[in-house]
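Chain by chain, the residues run as shown.
2 protein chains.
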Amino acid sequence: MTRLANLMPILDWGRHYRRTTLTNDIIAALIVTTMLIPQSLAYAMLAGLPAEVGLYASILPLVAYAIFGSSRTLAVGPVAVVSLMTATSVGEIAAQGTEAYLVAATLLALISGAMLVGMGLMKLGFVANFLSHPVISGFITASGLLIAAGQMKHLLGIQAGGHTLPEIASGLIGNLHAMNLPTLTIGAGVLAFLYFVRLKLRPLLVSFGLKPRPAEVITKAGPVLAVATTILAVTLLDLGAAGVPLVGAIPRGLPVPGLPAIDPDMIVALAGPALLISLIGFVESVSVAQTLAAKRRQRIVPDQELIGLGAANIAAGLSAGYPVTGGFARSVVNFDAGAETPAAGIFTAIGIALATLLLTPLLANLPQATLAATIIVAVLSLVNIEAIRRVWAYSRADFAAMAATILGTLFVGVEAGVVIGVALSLLLHLYRTSRPHMAVVGRVPGTEHFRNVERHAVITSPEVLSLRVDESLYFANTRYLEDRIAALVAERPELKHVVLLCSAINAIDASALESLEEINHRLKDAGISFHLSEVKGPVMDRLKRSSYLEDITGQVFLSQHEAMCQLTSSSRLTSRA
Amino acid sequence: MTRLANLMPILDWGRHYRRTTLTNDIIAALIVTTMLIPQSLAYAMLAGLPAEVGLYASILPLVAYAIFGSSRTLAVGPVAVVSLMTATSVGEIAAQGTEAYLVAATLLALISGAMLVGMGLMKLGFVANFLSHPVISGFITASGLLIAAGQMKHLLGIQAGGHTLPEIASGLIGNLHAMNLPTLTIGAGVLAFLYFVRLKLRPLLVSFGLKPRPAEVITKAGPVLAVATTILAVTLLDLGAAGVPLVGAIPRGLPVPGLPAIDPDMIVALAGPALLISLIGFVESVSVAQTLAAKRRQRIVPDQELIGLGAANIAAGLSAGYPVTGGFARSVVNFDAGAETPAAGIFTAIGIALATLLLTPLLANLPQATLAATIIVAVLSLVNIEAIRRVWAYSRADFAAMAATILGTLFVGVEAGVVIGVALSLLLHLYRTSRPHMAVVGRVPGTEHFRNVERHAVITSPEVLSLRVDESLYFANTRYLEDRIAALVAERPELKHVVLLCSAINAIDASALESLEEINHRLKDAGISFHLSEVKGPVMDRLKRSSYLEDITGQVFLSQHEAMCQLTSSSRLTSRA
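Going line by line, the protein sequences match chains X and G.
The working numbering puts the first residue of the first sequence at 1, with every later residue one more than the last.
The working numbering puts the first residue of the second sequence at 1, with every later residue one more than the last.
Worth flagging that the hints you see were computed from the coordinates, not collected in a lab.
Please note that the accuracy of each hint is not assured.
No copy is singled out in the list; a pair is fine if it fits within one copy or between any two copies.
The calculated lysine to aspartate or glutamate pairs, modelled on EDC-like cross-linking and capped at a C-alpha distance of 16 Å, are [as the list claims (entries may be wrong)]:
| id | residue 1 | residue 2 |
| --- | --- | --- |
| 1 | Lys295 | Glu517 |
| 2 | Lys123 | Glu216 |
| 3 | Lys123 | Asp483 |
| 4 | Lys200 | Glu562 |
| 5 | Lys544 | Asp336 |
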């Protein structure tokens with residue numbers, strides 16, 4: 001592959017495009033389009049944007065991803081969590097419904113796209129790794145709850161605001177008196193219908209003789225059916241006059257490409273949120289893409305994914321859209337429906353473009369409650385209580401980071417939640433590695449193996465202390481090692497040799513090197529020699545760049561067994577249970 | 001030892017106090033007092049404080065440390081770096097020479113003391129570990145340069161300000177015209193004399209038949225001689241009238257203990273600097289204390305050191321002093337002069353108290369240039385170019401953190417330098433561990449050892465991929481592992497088994513567990529089984545808390561050799577050079 005084909009994977013797969021692939025891609029695109037129409041409208045509403053912005057964000061961004069993305073089957077477009085993050089961050093600098101809000105949302109996509117492309121070109125994809133799984137999982141669960149709570153107002157047909165759970169709850173309670181009964185009927189009905197479709201329809205269809213995969217695909221059309229039915233109901237019963245909030249007139253026609261108005265202050269205000277949106281969108285996307293690619297032994301190039309998603313967001317920013325990323329549910333449907341290449345994304349974009357041109361007049365009578373119900377059903381599937389339980393069982397430290405993220409997101413805000421979670425997970429990691437597991441070891445009788453004296457009956461010598469450190473040595477844990485050795489030496493008056501067993505030490509940084517020098521120096525003052533054993537190749541290479549190997553009072557032994565053989569006089573060995 | 005004796009080590013060593021110990025401690029105290037008088041005046045000047053504040057900071061704080069500190073020989077009091085940090089942080093909220101400046105400096109000691117005691121009681125000493133050696137070493141070198149540059153104005157007898165190198169340089173150049181020749185003569189003379197004493201006097205005395213240790217101790221009296229001589233010169237030649245800036249009248253008498261005026265806004269403004277001063281003072285102190293204790297196989301308890309230094313700073317805050325910590329040079333002198341217990345500190349405090357009562361009238365005619373010269377000689381010995389060179393040779397990442405600290409300290413400010421250095425060293429550490437060393441391994445012919453296929457001629461199988469990861473698995477590196485395995489699998493069409501060799505994996509966090517599940521799942525989709533080998537005990541215990549060991553498609557082997565024996569049909573083995 002040439003350099004250009006690396007940057008634009010379409011040049012690679014496009015050359016081998018065949019007729020059967022075309023058919024498969026078109027079928028998948030049809031199914032995804034059906035799913036995407038209601039979703040794009042709903043997520044635009046969730047982001048506080050007019051319905052057409054959701055459609056616009058589902059046209060050019062898909063084409064851009066098809067050109068630059070490295071996943072064959074990722075379905076890009078508006079998604080729930082990113083829509084929520086858009087609503088909260090844009091909501092801080094402009095009021096919903098204003099022109100400034102619209103401009104800020106589009107600008108957010110542009111900034112996020114530029115950041116993603118920049119990170120991709122600079123190979124900075126690893127930055128996303130600092131979002132640990134418990135933090136992401138906690139964040140998505142909390143976002144799901146927050147989104148579902150936020151949509152309740154649409155189900156009830158009332159006006160209410162709020163970006164945190166307490167704000168949303170007090171908004172709902174304060175405005176409950178204004179509840180609109182026809183709206184609630186539609187909302188509750190759609191909710192019940194969608195849950196029926198989700199939980200019961202597929203087994204039902206299968207029991208009628210349909211194959212599982214087509215049955216699965218049909219159930220994904222549930223939201224479209226709900227949309228069509230409620231539009232019909234509104235039109236026939238004139239429910240708009242009865243106070244049911246509707247989507248209203250959507251401008252017909254495609255977005256005119258162009259730069260949004262660029263205000264430097266706005267860019268500064270949006271930079272932080274754009275970074276978080278970029279990272280979270282990227283992490284989610286790559287994880288879906290990897291999972292799907294693995295099923296066909298294909299490969300995802302994470303840095304290229306940054307460029308693909310970045311291009312999609314720039315396209316959103318240039319065509320009056322808002323931030324997009326790879327959606328989990330739609331990508332799985334796209335894959336299951338047989339999509340083979342990113343061309344399916346281009347065909348989906350054509351489908352949405354046609355819908356924007358032809359169907360928009362029909363959507364004016366769509367109740368907002370219908371969209372709210374589809375959002376609630378979609379996001380409640382993101383809430384993963386089982387993941388919380390598993391993390392609790394596995395590791396209290398990880399659970400603490402997860403809980404902080406969830407509580408931060410629900411009670412402080414979306415951005416605060418992520419930032420708190422990331423900071424806490426980093427601190428906990430550093431804390432853990434700053435107190436590494438260390439074991440005084442002795443020889444297991446009859447073997448050359450050395451084990452922890454506290455767990456095994458082993459042979460030790462009062463003149464030789466063998467200490468194994470189960471962690472790389474770096475600045476955060478090196479003083480702990482100094483303290484530990486000082487304490488061990490202070491309680492062993494007969495000591496003549498200390499051997500540091502380095503089998504688990506993968507790196508020694510400059511601080512640790514100085515500490516080892518200091519330990520060597522202090523032991524020397526106390527008349528004790530200091531030895532190393534089982535030092536790994538790369539660590540040894542590094543040590544050779546310093547004068548440590550000349551300065552050390554003892555030796556570097558290839559194995560701990562060799563060290564003990566040379567250092568102990570057999571008469572002094574004692575057995576310890 | 002009882003719990004109380006743990007908190008107050010004086011209860012332990014005080015019970016065994018003997019007459020010979022008393023003699024040794026008093027001799028050491030006499031020598032340290034001689035050294036401390038000029039230093040306390042000089043460092044107070046460096047901190048922008050009246051001379052008597054330096055004396056006050058050398059009385060009660062020493063007594064407090066003697067009661068609570070765990071080091072037998074650490075000499076606590078004003079030191080150069082902490083004085084500089086005091087000047088910059090207090091200088092931001094009050095003007096030098098005002099009452100508010102004095103109050104803020106005393107309050108800074110009180111806050112820092114409270115923080116240290118708090119950290120000690122909560123066993124938070126490990127926080128100091130996040131200051132890596134290159135950051136501290138870079139910071140001290142840069143502080144030394146900054147202090148020396150800042151004292152130039154006193155040598156020249158001009159007024160100039162500035163907290164960064166460019167500010168100081170432009171201040172000096174702009175005021176050079178006001179230079180006072182008698183002052184410069186005194187300053188240059190003292191500088192030359194002190195360098196002669198430091199570099200030549202000791203060998204000279206030794207060549208005259210004096211033993212090295214007393215010769216060393218005598219050279220430490222150089223500054224006192226310089227002080228006495230210049231006072232005499234000023235008095236005889238009436239140099240005060242010639243425009244030589246003098247220390248001036250020092251209030252006679254001891255400080256009246258009491259709380260400084262406590263202003264909540266000031267506490268908030270000083271909290272950040274107080275934390276940095278506490279941590280840096282603590283790190284320096286503990287490192288000196290550990291080094292000295294090791295020579296006599298004594299033990300330092302880091303968390304108790306926090307309490308000892310905290311008590312000293314609280315004492316400084318209650319007796320009109322300013323932040324103190326353990327000084328390197330004075331502690332070494334104290335140790336070499338034969339101090340055996342912290343009682344030497346109490347005797348030093350008595351010495352300084354007597355000097356404050358009796359000698360202060362004599363100090364009025366002391367030229368500031370003399371003090372500046374003693375500071376310059378002291379701090380230039382802190383500049384450690386050799387350390388910079390060694391870090392450069394050993395590790396570019398550590399060098400980057402060091403260089404950032406030095407440049408930040410010199411050109412942005414003292415606090416910024418430390419913060420930049422710590423942040424960069426954490427990021428670089430995380431970056432390094434986020435891209436762990438991994439090796440595809442094969443069996444060394446005729447052995448049960450497995451080595452890197454790229455470095456050794458080993459036996460591998462096209463159906464089995466053995467991958468060794470040289471790092472604990474945690475959130476920052478787990479996606480890197482996923483990507484690496486995905487890439488390795490994509491290029492091996494015949495692959496049936498992947499074995500992860502876990503001998504260097506000391507921990508697996510919840511993120512890594514999920515990644516392992518994801519890898520297992522993806523490999524399963526591709527028809528490949530996933531195995532682990534040589535999993536450590538604590539890691540295995542942890543994995544048993546999850547369902548991973550039930551879900552894994554492959555097995556957990558005790559050794560890599562066992563894994564290969566079971567998984568390969570010998571006919572498919574290929575030898576690779």
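Indices of hints not satisfied (ascending) | 2, 4, 5
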